[in-house]
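Participant: Here the protein sequences come in this chain order: U, C and F. The opening position of the first sequence corresponds to residue 1 in the numbering used here, with each subsequent residue numbered one higher. The opening position of the second sequence corresponds to residue 1 in the numbering used here, with each subsequent residue numbered one higher. The opening position of the third sequence corresponds to residue 1 in the numbering used here, with each subsequent residue numbered one higher.
Worth flagging that the hints you see were computed from the coordinates, not collected in a lab. Keep in mind that a hint or two might mislead.
Reference excerpt, derived from the structure (chain C facing chain F, CB under 10 Å, subset only) [unchecked claim]:
#: 1; residue: Gln216
#: 2; residue: Asp220
#: 3; residue: Phe221
#: 4; residue: Ser235
#: 5; residue: Ser323
#: 6; residue: Val329
#: 7; residue: Val351
#: 8; residue: Phe373
#: 9; residue: Arg379
Just so you know, even glycine gets a beta-carbon here, dropped at the ideal spot from N, CA and C.
Each chain is listed here by its residues.
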Amino acid sequence: MQQPSRLYKMAALFVVASVLAGCSGGTPAPAAPAAPAATEAPAAAAPAATEASVATEAPAATEAAAAPAATEAPAAPVAAMTKYQEAPMLAEMVKAGKLPPVEERLPKMPFVVGPGVILSTADLPDWKPGKYGGTLRSAHSSANWSPDFFVMDNESLLMAPGIGTEGVQGNVLESFDVSADGKTITFHMREGLKWSDGEPVTSEDVRFTYEDMLKNEKLTPVFPSRWKSGASPDGVEPTLTFVDPFTFQMSYEQPYGGILRQFTIESWVGYTEWLNPAHYLKKFHEKYADKAELAAALTEAKLKEDEWPALFNQKRCQNWDVNQPRCLNYPSLYPWLLTSADNSQLQFERNPYYFKVDTEGQQLPYIDKLVSTQVQDVEAVNLKVLAGEIDFLRESTALIKVPLYKENEEKAGFNVVLLDMHVDSTGLELNQTYTGTAATEDWKKYSADPLFRKALSMAINRPEIIETIYFGYAALPLKSVGDEASAYNPEAAAKLLDEIGLTNKDADGMRLGADGKPFQILIEHGGHAPDIAPVAEIVAEDLKAVGISVLLKKIDSTLWGTRRSTNDLMSTVFWSHDQGWMGGLGTTDNIGRAGMAWANYISSQGKNGEKPPEWITKGADISAQWWSAVPGSAEWQKITEDAFAWERDNLPFINIVEGVKYPMIANKKLGNVATGGYAIALNFAGEQLYWTEQP
Amino acid sequence: MSAQTLNVPGTPTPIPVDPQAQDKDDKFYYATQWNLIWWKFKRHKLAIISVFFLALLYLSAIFAEFVTPYNVATRFEGQQQGPPTPIRFIHQGSLRGPFIYAVKRKADPKTFKFIFTPDETKPIPIQFFSQGDPYKLLGLFPSSLHLFSTGVGKTAPPVFLFGTDRLGRDIFSRTIHGARISLAIPLVGVALSFLIGVVLGGLSGYFGGVVDEIVQRLIDFLSAIPQLPLWIALSAALPRDWSTEKTFFAITILLSIIGWTGLARVVRGKLLQLREEDYALAAQAAGAGQWRIILKHLLPGFTSHLIVSITNGIPAGILAETSLSFIGVGMQPPAVSWGVLLQDAQNLVSVAQQPWQLIPGLFVIATGLLFSFVGDGLRDAADPYTR
Amino acid sequence: MLAFIIRRVITLVPILILISIVSFAVIELPPGDWVSFRIESLRQSGLQVGEDEIYRLTSQYGLDKPAYVRYVSWVTNMLQGDFGYSFQWNEPVNKILAERVPRTMAISLMSLVLAWIISTPIGIISAVKQYSAIDYASTFLSFIGLATPGFLLALILAYFSITVIGFSPLGLFSQQYLDAPFSLAKLLDLGKHLVLPLLIVGLTGTGVAIRVLRANLLDELKKQYVVTARAKGLSEYQVLMRYPVRMAINPLISTIGFVLPGLVGGEVVVSIVLSLETTGPVLLRAVQSQDLYLAGGIVMMLSTLTVIGTLLSDIALAALDPRIRFGGVRK
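Input sequences plus hints: build the corresponding full structure.
Facilitator: Given below as structure tokens:
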């Protein structure tokens with residue numbers, strides 16, 4: 001009785017976010033299923049059978065009715081959706097007999113896009129069903145890598161409106177139920193969902209991914225820690241049960257509420273983490289492949305007999321490989337499929353088997369084609385913006401260019417929208433475990449002193465940085481740094497430095513270490529974003545003003561990455577994830593910002609790195625708890641607060657600002673363009689963009 | 001006039017007979033080649049003017065702290081991305097010494113541009129030889145004397161001859177300071193590769209045989225090594241605690257050690273030609289030593305070519321510094337060089353809305369022009385055949 | 001002459017082997033490899049990359065093998081005409097080169113020819129009419145060409161082209177022609193896109209050529225054989241073209257060896273600003289991202305061309321000037 005129960009769930013839960021908050025009442029159970037609206041039901045929803053978990057959780061919904069998506073979502077039509085419409089270009093192919101009719105290409109219950117579904121109604125107040133046709137143009141500056149289209153052409157297993165933490169619901173998977181103890185999640189797949197080559201998507205694809213890829217030591221020697229409970233390296237692996245062709249269960253020994261978030265969007269993991277086209281990949285897997293065929297394929301790839309994993313990995317396409325020419329014709333589930341990577345252009349065309357429809361029954365996406373042109377650098381991308389040759393751009397814009405965009409908006413026919421950035425700006429990291437050539441006893445002593453870090457934080461002129469670098473579109477980091485430490489107060493900073501022992505100064509006013517030489521911080525950054533270099537310069541000057549000598553260097557970004565991961569950076573300036581974003585708070589990522597060797601110790605379960613001190617272990621514990629809780633639940637909120645308090649008390653790194661805005665370029669004639677929320681969320685909502693009139 | 005007639009038999013220039021000129025010509029007969037070059041160079045007006053300006057530029061760079069009103073890192077809050085401050089002479093209809101008006105910055109909510117409005121009620125005189133930011137002259141003598149300023153401390157409304165950059169720093173001060181690195185590095189680089197190139201090219205061309213073979217194959221090898229990857233590899237390999245300036249300097253030196261090959265080939269080619277000339281054979285017959293023949297007899301024959309190479313080399317070096325910064329492997333902030341300043345200016349915002357950010361580019365072009373004019377003058381002066 | 005050429009060709013082999021080793025080492029020298037670059041860039045985009053992914057990528061790209069094994073297989077494949085696989089493009093190096101090299105050569109050849117066509121007469125005139133108005137004008141022009149940072153000029157001109165004329169000069173073709181089959185309209189479009197790069201690259205090249213030609217011709221013109229020729233009553237044109245001009249372009253020829261790889265490598269900075277699909281920016285990015293075989297392939301190609309170019313210019317010089325032919329032997 002799967003079907004009716006799912007229908008009921010979807011019909012009952014108009015109030016999207018609510019359930020998440022609702023299940024907080026003492027039960028650590030992860031989110032109950034949350035569907036956008038009843039529109040997903042192909043037939044008038046008959047609230048037939050009920051499932052215990054849903055039934056008990058649904059009433060709690062009212063509790064969190066404040067969530068914008070919940071209250072503002074208009075009642076969706078409950079009418080039956082038996083007839084679908086398709087793009088004219090596909091209709092022609094159907095006529096010509098090259099494609100099966102749209103009803104056969106769509107799953108029994110497609111994902112229905114309507115107001116507040118992909119983006120909350122607060123961020124996109126006037127969602128409208130779109131029109132078919134047109135091409136969306138963008139540009140990229142890396143080899144065969146269009147970051148904008150990667151995000152736009154990415155599908156995750158579950159989703160939440162505006163890629164927030166609340167209102168998790170099915171996406172590629174149809175729905176899920178969480179057992180009462182929160183340890184087992186049953187996932188329901190969309191019956192009739194098809195790969196872009198027309199083959200059905202079933203639980204066999206998941207089984208193959210789990211048993212033959214993740215559990216195959218030649219393909220995956222280390223089981224990814226994000227799939228262990230608590231997203232922690234010492235967490236336990238799940239066990240999977242495959243109930244029927246469209247149902248599978250994941251069980252953990254401990255509750256792992258964050259798994260839903262992981263399935264949703266965390267780290268942009270797409271469905272390819274758990275779902276791969278088994279029918280295609282089996283041809284390159286030792287266990288399934290025809291011996292002779294595999295041998296031939298290996299010879300062709302100039303590989304030896306025992307190197308089939310290399311061949312397999314060359315044939316497999318991950319979500320971020322969507323731009324790559326080797327993935328032409330690879331079976332996938334994205335709204336658009338790569339059709340050509342020649343002549344410095346990446347071209348995508350609609351996937352006839354895409355599983356989303358709008359409230360009118362029109363199969364998505366609206367736009368026929370995506371074309372991204374390769375240019376050689378970011379300025380050239382912006383030149384193309386001014387020339388009106390770009391319809392959509394997020395990745396290569398910059399706040400400093402907003403006046404320039406404004407000046408050319410009318411002539412080039414685009415709008416510039418200021419949206420939220422999902423990463424915080426730049427923070428100052430002091431690697432307390434640094435033991436490289438520039439390390440001294442003093443470095444060890446002072447960098448480990450929270451008062452020292454507080455002094456540095458107070459020495460930074462944040463108001464100036466907000467004004468100069470972010471043009472006022474940023475705020476003081478009150479959550480992660482706190483009132484006192486984020487207030488610009490060089491006198492207090494100098495006094496603190498005096499108090500902790502950095503009292504002696506040389507003729508230039510630089511504070512001396514125990515060895516009589518100026519105490520110096522070597523800050524190396526990779527200039528990854530336009531704000532990093534200028535922020536680093538201001539920070540370096542501000543530190544000099546309180547007597548801390550700084551050697552600031554910009555190094556090659558590859559070199560920077562290598563040095564950072566090998567604990568070979570003394571200090572750097574880099575961004576961290578936004579505080580509302582799950583990747584940040586207390587994770588090993590943030591522990592690495594305080595001491596890379598500690599992070600290495602934790603992620604290698606003690607094999608590498610350095611044993612972390614107690615306050616770090618406490619942070620790691622908070623992180624594990626945080627990941628165990630259901631995102632959005634009251635318990636989760638409380639742990640989030642604990643995590644912020646931990647950050648403020650310890651200053652693992654010195655965040656500079658919070659809440660940075662980010663400009664987005666969108667053609668004036670594009671419909672369903674968000675006016676608020678995360679800029680990157682609008683990227684993810686590419687399938688509902690449409691041309692209000694053909695350009 | 002034509003003193004060289006003695007050195008070069010068969011020259012078409014008639015020997016002057018004017019008795020009044022005779023006295024002066026005597027000097028020419030005994031003059032060294034360098035004297036001759038200098039005398040001829042003096043007549044090249046454009047070159048002399050260029051030397052003057054180059055000297056001015058180098059002196060300004062050396063005494064940058066005195067010449068400029070502010071330190072490179074001094075940031076002026078509320079003055080970011082500001083245009084050059086107009087220097088005025090007329091206040092409310094009456095003429096007075098140079099002064100400026102204080103400027104207030106405001107963001108236009110519609111265009112997002114900054115608007116700078118001068119406060120025309122209060123003229124602020126520019127003071128010469130006044131006190132300002134403290135510094136150490138030549139890194140030795142503490143001083144706070146500046147050529148000009150509008151007063152001490154951050155409270156005095158600042159004067160920005162070339163406007164300000166993104167962080168509110170004075171572009172004029174930064175340009176003059178940046179000249180230090182930009183003018184010094186090509187000099188060192190060119191000098192080094194010139195020295196090696198002439199010596200090895202000379203050896204190869206004059207001695208021929210095995211020496212030639214070895215040097216030529218060395219040239220083949222070195223000139224085929226790609227410089228760009230080498231540059232990136234070296235900047236990763238040099239000591240971490242070296243500042244950007246030091247690293248860049250070291251790489252320049254390392255690369256000039258392999259960058260001499262082009263010149264060496266030309267020198268060799270020239271020597272192979274010239275050593276067969278009559279005068280070289282004559283010198284050989286007269287029993288002159290080989291070095292004497294190379295230096296005294298053959299070298300003057302292609303001095304002009306060498307001078308063109310050098311004077312082309314220096315602007316090319318300045319350009320290379322800017323290009324390397326542009327592609328991100330050269331000098332980087334917080335170092336201050338013209339390359340770094342241009343890297344800051346190399347964006348659409350500067351081109352479209354803040355053209356003053358491009359002023360360091362004018363310095364690059366002007367310096368290139370000046371070096372070329374000097375080189376031109378030197379070439380003509382060193383040419384043993386001109387009058 | 002034949003013996004000279006044969007001897008030189010044979011010495012090429014050890015030099016090329018040495019160069020291949022040095023190039024490979026230089027590209028491998030910076031710490032980290034393509035996988036660390038890739039993982040770093042994925043992490044910076046917010047993707048979570050675990051140990052499993054590092055292992056997968058390392059094996060996918062064959063970077064788990066020791067350096068000498070990769071070197072040997074790289075060289076042996078290269079000898080069979082297979083330059084290997086580019087990590088960042090995920091395409092065979094051969095395909096990338098086949099796309100880029102002809103375009104690069106077309107652009108560089110055109111700008112070189114343009115530079116020479118402009119500079120040869122100007123250089124000759126300004127040497128013959130030294131200190132005339134033409135001389136001063138050409139001097140000034142060539143100096144400006146020598147001193148202007150090409151990337152700045154390119155950006156400024158591109159910006160004004162877009163905002164004033166409304167023509168976007170980026171790339172080699174407008175978007176609608178990128179995939180179109182060859183046609184007259186496409187050729188015209190290419191022509192329009194080539195104006196700026198040729199102007200900028202040509203300006204620099206012209207400056208250098210004018211200076212060198214003028215200086216050398218001035219040297220030659222003062223020599224006695226010229227006087228003799230004049231005395232014999234040869235016309236000024238004959239006097240000039242018979243020998244001095246030939247001698248004056250001698251140093252230009254001896255640098256042809258360095259022009260050849262430049263033709264294939266192309267201008268890096270101007271190509272970057274104007275988004276020309278030449279080899280220069282590809283090499284830069286390949287080196288920066290440690291795309292081993294792509295960087296190695298381009299470097300080897302350029303190095304080989306340098307060595308061959310040097311050889312060619314030696315042969316040309318020897319043919320032009322017999323003294324150089326016998327240069328190896330001191331009488």
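Participant: Next step is simple, just say for each hint if it's right about the structure.
Facilitator: Evaluated hints:
1. Gln216: holds (8 Å)
2. Asp220: Since chain F brings a Cβ to about 5 Å from aspartate 220 of chain C, closer than 10 Å, the hint holds.
3. Phe221: Nearest chain F Cβ about 5 Å off; hint holds.
4. Ser235: Hint holds; serine 235 of chain C Cβ to chain F Cβ min 9 Å, cut 10 Å.
5. Ser323: holds (5 Å)
6. Val329: Holds. Min distance 8 Å.
7. Val351: Cβ of valine 351 of chain C sits 5 Å from chain F, so the hint holds.
8. Phe373: holds (7 Å)
9. Arg379: holds (6 Å)
Of the numbered hints stated above, none is contradicted by the structure.
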